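Listed in order, the protein sequences are those of chains P and H. Its first residue numbered 1, the first sequence is counted upward by one per residue in this note's numbering. Its first residue numbered 1, the second sequence is counted upward by one per residue in this note's numbering.
To be clear, the hints were calculated from the coordinates, so they are not data collected in a lab. Fair warning: this is a prediction, and the values are worked out from it, not measured in the lab. Treat the hints with caution; some may be incorrect.
Note that identical chains are pooled: a pair holds if it fits in a single copy or bridges any two copies.
Cross-link-like lysine to aspartate or glutamate pairs, in silico, EDC-like; alpha carbons within 20 Å at most [claimed, not checked]:
1) Lys249 / Glu454
2) Lys470 / Asp47
3) Lys433 / Asp203
4) Lys206 / Asp333
5) Lys190 / Asp352
6) Lys190 / Asp257
7) Lys470 / Asp85
8) Lys470 / Glu359
9) Lys206 / Asp47
10) Lys470 / Glu193
11) Lys433 / Glu451
12) Lys433 / Asp352
13) Lys229 / Glu399
14) Lys433 / Glu454
15) Lys229 / Asp396
16) Lys433 / Asp327
There are 2 protein chains.
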Amino acid sequence: MTDTNLVSLWPYEPPGMRHLGVIDLGSNTTRLVIYGYVPGRAFRIEDAIRAPVRLSEGMADTGVLRARPIQRAIDALRLFRQHADAYNLTELIFVATAATRDAVNGEEFLARLRAETGLDPRILSGEEEAYYGYVAAVNSLPFSDGLVVDIGGGSVEVARVAGRHMGQASSLPFGAVRVTERYLHTDPVKKGELNTLLREARDALKQVRHVSGGGAMVGMGGTVRALAKMDRALNPSPIDDLHGYVLPKASIDRLIDQLRDLPVVRRSSLPGLSSDRADVILGGAVVLQTVMDLGGFSACTVSNQGIREGLFYERFLTGGGPPTTPDNPPLLDDIRAFGVHNLVQLYGGNIDHFARVRELALSLFDQLTPLHGYGEFERDLLSAAAWLHDVGVVVDYWEHHRHSAYIILNAPLPGWSHPELALIALLARNHRKGSISLGGLSGALEGGDAERVEKLSALLRLAEYLERGKTGVITGVNVHVGPGWVQVEAATRGDAGVEIWEANRNTDLFQRAYGREMEVMAVASPTPTAP
Amino acid sequence: MTDTNLVSLWPYEPPGMRHLGVIDLGSNTTRLVIYGYVPGRAFRIEDAIRAPVRLSEGMADTGVLRARPIQRAIDALRLFRQHADAYNLTELIFVATAATRDAVNGEEFLARLRAETGLDPRILSGEEEAYYGYVAAVNSLPFSDGLVVDIGGGSVEVARVAGRHMGQASSLPFGAVRVTERYLHTDPVKKGELNTLLREARDALKQVRHVSGGGAMVGMGGTVRALAKMDRALNPSPIDDLHGYVLPKASIDRLIDQLRDLPVVRRSSLPGLSSDRADVILGGAVVLQTVMDLGGFSACTVSNQGIREGLFYERFLTGGGPPTTPDNPPLLDDIRAFGVHNLVQLYGGNIDHFARVRELALSLFDQLTPLHGYGEFERDLLSAAAWLHDVGVVVDYWEHHRHSAYIILNAPLPGWSHPELALIALLARNHRKGSISLGGLSGALEGGDAERVEKLSALLRLAEYLERGKTGVITGVNVHVGPGWVQVEAATRGDAGVEIWEANRNTDLFQRAYGREMEVMAVASPTPTAP
């Protein structure tokens, strides 16, 4: 192929975009994530790099950071700093957690860090770690009441949440690396050692009264993600995203049974488990199991986000200033709407058209309530699908309904459960063309969902045809329901010939979904707007 | 969800973009396609609308356009005009083909068209139809010598192509609608009628000497697309795009056997066949079969593009002016490179990074030729994958290698065969993270391809890590191959710590692919460039 100087048709950087780097020096893993964002409006992840530093290695007994892990941390952070500098960062936030906080020689480590990397971390207290984990959870999952559990390498944070606000929060020295070093010295692990860990974890967590109290449970941190990956490897799902994955307690119990009989070298052969976590996974899993036992949780919703994202949301929503506190946390008003709007703004396109299709679809939905009997749940799905039905044109026009479904399943859409995402994707997929297709997602559907897809897609498709020219020529709909028929009066502010024609030649899906003849007719708008 | 005024972060319209509408009034179908383009640089399809007007209905015997089809055409064109007007078009091209051209009352029809829609078509001659089909084929398929066959509703065009230039071209009155009306009056079709069609089509096509002459065959038009869809429904492929699909002659023979025993009403139940083509598919298929028999073609590569795209390429490449001719056709220099560059420019992102990854990957490829023994074929695949490896970030950062593969398989990439597209997608998919994944595409691979994916992905991955900071800090590579080892000297123009570290901690794939230890070391660039 010939060499060419290519130039993007669009600017890579939209006006007003800032870049935030967040480095998180954990006890097991160190990570840098780069966020691009327009404050309060939209964001995307631009880069991420991780190093399995295991800073807390060998410190469980003495509390002393050892020379080799310190060197690994400094080497990694020097590189992260250099990598971050290659971005045009507005700000670089650097936090350190349990290993640094608890180390007897923490000050010496920090002095070397400053001298050799120029970086000076904010040391998060256990409560602050719990707080930023909570901020990430309530801003990215459909979760307002229950418990957020963050199992790190050094510590475990447990935060009670009520009405999206954080109540009591605790930090315990039961992170995956620490409990492995303190309790599990044999390989494969001897029963006695495991029982000691179980007993001591149970005794410690029993003191944390707010573990009980019901609600849902959100789990985060490397241990939880690894267990979820292992569980998903056995139960493939059409939705690949780990964020929002529901990990049943029964799966955790089964994985622990499996892990406890295996020596470390054989654990990495288990599908989904990476080799740099194989040695500490059992210890972390037992702690998770204990929390769930004590709290009476039958499942844990996995958060792929954690304190890094908590710190990001703080900047995204406050713009700057001092750290927030649990009294006044940075909360997105409506995370479902935010996620949808975030994607709409990142993808761009004809946003006015999306908004009009949504208005028409919701108006049809509301007026046809006597026929479908659906409520807020279905209305929200229809609204999200209407916003996103055309995002797939970024891939190609011809089959853009299929590409929209792919993007909805694979782009970040916080706040929606996996079954809800499958439904939104199917509505977008069926917003045009032929009969209903469940395209590989039937496994994600539950009772009544196939009918839901048909009935809601029929409304989205009708709304799309009523906006066929993308000009807003149809300003509203007035629906009349009779015995065996539905008449849709479309109020127009100009010649809506294409729209009426397209709507009337594509009535099959509606008729199948609602079992009635449907007809659309134009009625000049009573209050015509200038074109 | 709350109502919000959303604004795209990016302008929908890049500077300099024009919009071209092309209306094609065929004998069976009428279509409008809207193209957005920056002349000579990049384009995308923005909208398309079709109406099954069947203008030639009932004219086979008398040559007279009938009143009802005329009314359907005028109604559809009035709507198309209105729809096109909703776009900010730079130009609207309107062409009409066989039915209009051949009609006894063509002038009366055109007068009504002008009066009632304001539209005045350019009537394409049979040779012009053949020419624009040829222009579409050579600008969108890996095809330079052979035959382009366009089976329309009214006529069939047959154009000989040598060295990407059009030689002899003919148009015959054997389109699918016309032969059905003239020869096939019974349902299911009687053997005698079918034999008459076969004999007459054969006699007519025998006169067209340039049907013979070898090379490859490209088929276009509704009949070919419908047969390809029917064949693909029986032979699911991991690549969904019809453009470039290879339809074997044996499949066409089998489909004809199947169709000839079925009455029209039962044909539409065949997977892939739409009801508005069920009545004319058999006639069209028999004509296609006859061309292939006479030309000795064992398969036909399907073009989803046709005269509309030929007309588009003319505008795209000439900008304006009078129609081109076979002496000086509008040809993309290198359609494979053009398609890749088109996507790169449409997606944007950090194009300098893509270009540098590509240079490094190709330099590694060239210097390691003694180890892999690959040639131009593999080099081109690697080049395309390097340009496109990051397009998936448009969906989400975390699994962007998977999303890049999806986009490569689903976005328009003319000039590459389906097996080549599968390979490019797999290189992009494996440009980062873990061991090689064939992600559902193993069915598209042939002998040696799995090894090809491993060996080429290893180079792309190494190049990507050498450009980890996306800053161009590594300006070139110098490869030393020894017994059992490979040393890569990376010429740097600054601190390439992250790049060297990432490259050296991700050597697994390279070592597996080439069976040798690999090590990367920095060497200050002999001719340092200012940062």
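Verification of the supplied hints:
Proximity of Lys249 to Glu454 under the C-alpha cut-off of 20 Å is found in neither arrangement, the shortest distances being 34 Å within a copy and 38 Å between copies. Within a single copy, Lys470 and Asp47 get their C-alpha atoms only as close as 36 Å, which misses the 20 Å cut-off; across copies the closest is 11 Å, which meets it. In this homomeric assembly, Lys433 and Asp203 never come within 20 Å of each other (Cα to Cα): the closest approach is 60 Å inside a single copy and 40 Å across copies. Taking CA atoms no more than 20 Å apart as the test, Lys206 paired with Asp333 passes in neither setting, with 34 Å inside one copy and 73 Å between copies.
With identical chains, the CA atoms of Lys190 and Asp352 are never at most 20 Å apart, being 64 Å at best within one copy and 55 Å at best between copies. Taking identical chains as interchangeable, the C-alpha atoms of Lys190 and Asp257 lie at most 20 Å apart only when both belong to the same chain, with a minimum of 13 Å there against 70 Å between chains. In this homomeric assembly, Lys470 and Asp85 come within 20 Å of each other (Cα to Cα) only across copies, at 11 Å, whereas the closest approach inside a single copy is 44 Å. Only within a single protomer do Lys470 and Glu359 lie at most 20 Å apart by alpha-carbon distance; the minimum there is 13 Å, versus 43 Å between protomers.
In the homo-oligomer, the alpha carbons of Lys206 and Asp47 never lie at most 20 Å apart, since the shortest distance is 40 Å inside one protomer and 62 Å across protomers. In this homomeric assembly, Lys470 and Glu193 never come within 20 Å of each other (Cα to Cα): the closest approach is 67 Å inside a single copy and 48 Å across copies. Within a single copy, Lys433 and Glu451 get their C-alpha atoms as close as 18 Å, which meets the 20 Å cut-off; across copies the closest is 40 Å, which misses it. For the homomeric pair Lys433 and Asp352, neither the shortest alpha-carbon distance inside one copy (22 Å) nor that between copies (39 Å) is at most 20 Å.
In this assembly of identical chains, Lys229 and Glu399 lie within 20 Å of each other by CA distance solely across copies; the values are 14 Å between and 31 Å within a copy. In this assembly of identical chains, the alpha carbons of Lys433 and Glu454 lie at most 20 Å apart only when taken from the same copy (13 Å versus 39 Å across copies). Proximity of Lys229 and Asp396 under a CA criterion of 20 Å is satisfied inter-copy only: 19 Å between copies versus 32 Å inside one chain copy. With identical chains, the CA atoms of Lys433 and Asp327 are never at most 20 Å apart, being 51 Å at best within one copy and 41 Å at best between copies.
In summary, the numbered hints that this structure violates are 1, 3, 4, 5, 9, 10, 12, 16.
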